[in-house]
Amino acid sequence: MISNVFRNLFSRPATRPFPASAREPAPDARGSVDFNIESCVFCGACALRCPTEAIEVNRQERTLEFDLFRCVGCACCAEACKHGCVQMRAAYSGPTFQKPEMRFQGVPIVKAEDAER
Amino acid sequence: MTDHAAPAPESPALRQIEEIVPHQILARVADLVGAGARFMTITCLDQDDRFELYYHFDVDGSVLSLHTFVPRAASLPSISGVCFCAFLVENEVKELFGLNITDIAIDYQGHLLLAEGMTPTPMARFPRNGSAESCAGA
Amino acid sequence: MPTRTVIPFGPQHPVLPEPIQLKLTLRDETVLEAVPQIGYVHRGVEKAGERMDFNQSLFLVERICGICSFIHALCYCQAIEAIMGLEPPPRARYLRVVWSELHRLQSHHLWLGLYADSFGYESLFMQFWRNRETLMDIFEKTAGNRVIISTCSIGGVRRDIGPELQSEVLRALDEVEKGLNHTVPVMLNDYTVKKRTVGVGVLTKEQALSLGAAGPTLRGSGVAQDARMDGFAAYAELGIEPVVEEAGDCYARAKVRMRECYQSIELVRKAIRQMPEGEIAVRPRGRPNGRAIMRVEQPRGELMYFIAANGSPKLERLRVRTPTFANVPPLVAMLPGCQFADVPVITLSIDPCISCTER
Chain A
1 MISNVFRNLF
11 SRPATRPFPA
21 SAREPAPDAR
31 GSVDFNIESC
41 VFCGACALRC
51 PTEAIEVNRQ
61 ERTLEFDLFR
71 CVGCACCAEA
81 CKHGCVQMRA
91 AYSGPTFQKP
101 EMRFQGVPIV
111 KAEDAER
Chain B
1001 MTDHAAPAPE
1011 SPALRQIEEI
1021 VPHQILARVA
1031 DLVGAGARFM
1041 TITCLDQDDR
1051 FELYYHFDVD
1061 GSVLSLHTFV
1071 PRAASLPSIS
1081 GVCFCAFLVE
1091 NEVKELFGLN
1101 ITDIAIDYQG
1111 HLLLAEGMTP
1121 TPMARFPRNG
1131 SAESCAGA
Chain C
2001 MPTRTVIPFG
2011 PQHPVLPEPI
2021 QLKLTLRDET
2031 VLEAVPQIGY
2041 VHRGVEKAGE
2051 RMDFNQSLFL
2061 VERICGICSF
2071 IHALCYCQAI
2081 EAIMGLEPPP
2091 RARYLRVVWS
2101 ELHRLQSHHL
2111 WLGLYADSFG
2121 YESLFMQFWR
2131 NRETLMDIFE
2141 KTAGNRVIIS
2151 TCSIGGVRRD
2161 IGPELQSEVL
2171 RALDEVEKGL
2181 NHTVPVMLND
2191 YTVKKRTVGV
2201 GVLTKEQALS
2211 LGAAGPTLRG
2221 SGVAQDARMD
2231 GFAAYAELGI
2241 EPVVEEAGDC
2251 YARAKVRMRE
2261 CYQSIELVRK
2271 AIRQMPEGEI
2281 AVRPRGRPNG
2291 RAIMRVEQPR
2301 GELMYFIAAN
2311 GSPKLERLRV
2321 RTPTFANVPP
2331 LVAMLPGCQF
2341 ADVPVITLSI
2351 DPCISCTER
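Protein chains in written order, with this note's numbering: chain A, 1 to 117; chain B, 1001 to 1138; chain C, 2001 to 2359.
Here chain A stands alone, though its shape is the one from the complex (with noise of 0.2 Å):
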């Protein structure tokens, strides 16, 4: 014990100096979910697969409301979307003192009929 001793006198601390220098996540790292709702086509798969319901989606209002404290971020709705609305980000959602409003609203479609109109 008394190398180890000598060792950590000698040598870099082994902690880093936050929030003097924040830690760089892995690139492939499963912090947060992003959506992005314009691709959207309100199909519903990210929230069949979603293991918390943490994914409602609306396909006649088109919405979808996450609920951020329900996710576990194991990725499963990005796996699911075949339209790339539905990423993962590296970075972890910060602390917050309030409950986001994760509620997105796409673009409502306008049926042909309506449009002549």
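Please keep in mind that the hints were generated in silico from the structure rather than gathered at the bench.
All C-beta atoms in this analysis are idealised placements derived from N, C-alpha and C, irrespective of residue type, glycine included.
The reader is advised that the hints may include incorrect statements.
Each computed BS3-like pair below joins lysine-lysine, with the alpha-carbon atoms no more than 27 Å apart [as the list claims (entries may be wrong)]:
{"id": "1", "chain 1": "C", "residue 1": "K2023", "chain 2": "C", "residue 2": "K2195"}
{"id": "2", "chain 1": "C", "residue 1": "K2314", "chain 2": "C", "residue 2": "K2047"}
{"id": "3", "chain 1": "A", "residue 1": "K82", "chain 2": "C", "residue 2": "K2314"}
{"id": "4", "chain 1": "C", "residue 1": "K2255", "chain 2": "C", "residue 2": "K2178"}
{"id": "5", "chain 1": "C", "residue 1": "K2141", "chain 2": "A", "residue 2": "K82"}
{"id": "6", "chain 1": "C", "residue 1": "K2255", "chain 2": "C", "residue 2": "K2270"}
For each label pair, taking beta carbons as the anchor points, the in silico distance ranges come out as [claimed, not checked]:
{"id": "7", "chain 1": "B", "residue 1": "V1059", "chain 2": "A", "residue 2": "L68", "range": "49 to 55 Å"}
{"id": "8", "chain 1": "C", "residue 1": "A2224", "chain 2": "B", "residue 2": "A1073", "range": "40 to 46 Å"}
{"id": "9", "chain 1": "A", "residue 1": "A22", "chain 2": "C", "residue 2": "K2205", "range": "50 to 56 Å"}
{"id": "10", "chain 1": "C", "residue 1": "P2276", "chain 2": "A", "residue 2": "S21", "range": "38 to 44 Å"}
{"id": "11", "chain 1": "C", "residue 1": "G2044", "chain 2": "A", "residue 2": "N8", "range": "42 to 48 Å"}
{"id": "12", "chain 1": "C", "residue 1": "D2160", "chain 2": "A", "residue 2": "A22", "range": "24 to 30 Å"}
{"id": "13", "chain 1": "C", "residue 1": "R2027", "chain 2": "B", "residue 2": "Q1047", "range": "47 to 53 Å"}
{"id": "14", "chain 1": "A", "residue 1": "D28", "chain 2": "C", "residue 2": "K2205", "range": "42 to 48 Å"}
{"id": "15", "chain 1": "A", "residue 1": "T96", "chain 2": "B", "residue 2": "H1111", "range": "36 to 42 Å"}
Once you have looked at the hints, place chains B and C on chain A.
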């Protein structure tokens, strides 16, 4: 009675299954423990009018399970007399399923895992019915 | 006249990392009897497993325990694959071995740190946990997350470890091995450590078998049983020799775990060297219908799953038997006769994981 499709007993997915009647369990467990088998656990399934039980043992590195059915309102004698380590899982089965196991070595009176005020027998699917009958002397 | 006192040790106690309560009956400083009480973290996982789709239950069982999470997922996937008749591709089986052994390494490091802390050796605790950080970084790079890695799926694995990542894993293992070479001799040869652990909490071979012990608790008492000898994943090709010690005391159990660390490093190196090319998953079709019993070796011992499925998307029964559940009766048998100050050392030597026990 629910109909379930189980693979044949010789399927490798289930390892070795031995069918047994409830009143022979104590004697068979005493034999296995005497021969140096290691007790693994007890699995209980709730089929509507009866409980299905598996007693799993490790005999020389391979898994042997004793398979039996017990009527819902019956009482079953504990194996913790011959196999002390079974007391923990028997308490759990008694508490979560409502199967009446008698003479457990250390009996937690229904409070091993569940606290006061919690719904009793949460794992049981169907409500209790029928009269008490003991399988010890059947 | 010697007095008897009953002391509730736990569930909240500075030295105990797990919420188990032991009601100790003491005569002066000697323990006469111990009655365990659990139930502080019961979450009803087995019931929840019956209410979710079988694909979603995978993420549930992963979260039964944070330290051995991949191995829970592995056992679940293997059981469902046995029911559905799926054969995961060879590369997936080797990748599963790599992640399982890395999990075993990080779990043993965690335990070694806590064990050192249990007899007051905090600086050694910090050394082991510093070493463990290298492994957590490797998990983040290869699997995307540090603790619950979510890489096992039904039919294979979700991510691949390509050649660059493989060399990073090997570099990290060299670092871990160097760290172990600095700290394991302290744990094995230090005079004070030996005074606290040799001859303490003895479990004889007959007791270990008759009380249903599992894992290093069993192997530390001279019984050569390891669930990896069943040959699941790629262990049949890699070959496994159970690590056995004869003495049956805390020192023997600690030595088993330290030797298993070195064994895991060798297994990961071998798996990476022999890893075949190919796909990483087969796509499961349909729903499971049937029953299976599957067992794997967690860091703490033998984990057994019994899954019953009846063709619907929800499972009929998900039964989980974790190794600490099997190790609590041996703990109750080890405690009588020891000194009160030895109780945390003995409790920690079975490597308790109460969140696994209570599910």
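How the hints compare with the structure:
1. About 26 Å separates the Cα atoms of K2023(C) and K2195(C), which keeps this hinted pair within 27 Å; it holds.
2. Distance restraint check for K2314(C) and K2047(C): the Cα-Cα separation of roughly 11 Å lies within the 27 Å cut-off, and the hinted pair is therefore satisfied.
3. Proposed proximity of K82(A) and K2314(C) is supported: the alpha carbons are some 25 Å apart, at most 27 Å.
4. With a CA separation close to 18 Å, the supplied pair K2255(C) and K2178(C) stays within the 27 Å bound.
5. Pair hint K2141(C) plus K82(A) holds up; C-alpha atoms about 25 Å apart against a cutoff of 27 Å.
6. For the hint linking K2255(C) to K2270(C), the alpha-carbon distance of about 23 Å falls within 27 Å, and the restraint holds.
7. Range check, V1059(B) to L68(A): about 50 Å between beta-carbon atoms, so the 49 to 55 Å window is met.
8. Evaluation of the 40 to 46 Å hint for A2224(C) and A1073(B) yields a pass: the beta carbon distance comes to about 44 Å.
9. Taking 50 to 56 Å as the suggested C-beta distance range, the pair A22(A) and K2205(C) conforms, at roughly 53 Å.
10. The hinted range of 38 to 44 Å is satisfied by P2276(C) and S21(A), whose Cβ atoms lie roughly 41 Å apart.
11. The hint said 42 to 48 Å for the Cβ distance between G2044(C) and N8(A), and at roughly 45 Å that hint holds.
12. Taken as a hint, the range 24 to 30 Å holds for the pair D2160(C) and A22(A), whose Cβ atoms sit roughly 29 Å apart.
13. Roughly 49 Å separates the CB atoms of R2027(C) and Q1047(B), a value that falls within the hinted 47 to 53 Å.
14. Between D28(A) and K2205(C) the beta carbons are some 47 Å apart, a value that agrees with the proposed interval 42 to 48 Å.
15. A beta carbon spacing of about 39 Å between T96(A) and H1111(B) agrees with the range 36 to 42 Å that was offered as a hint.
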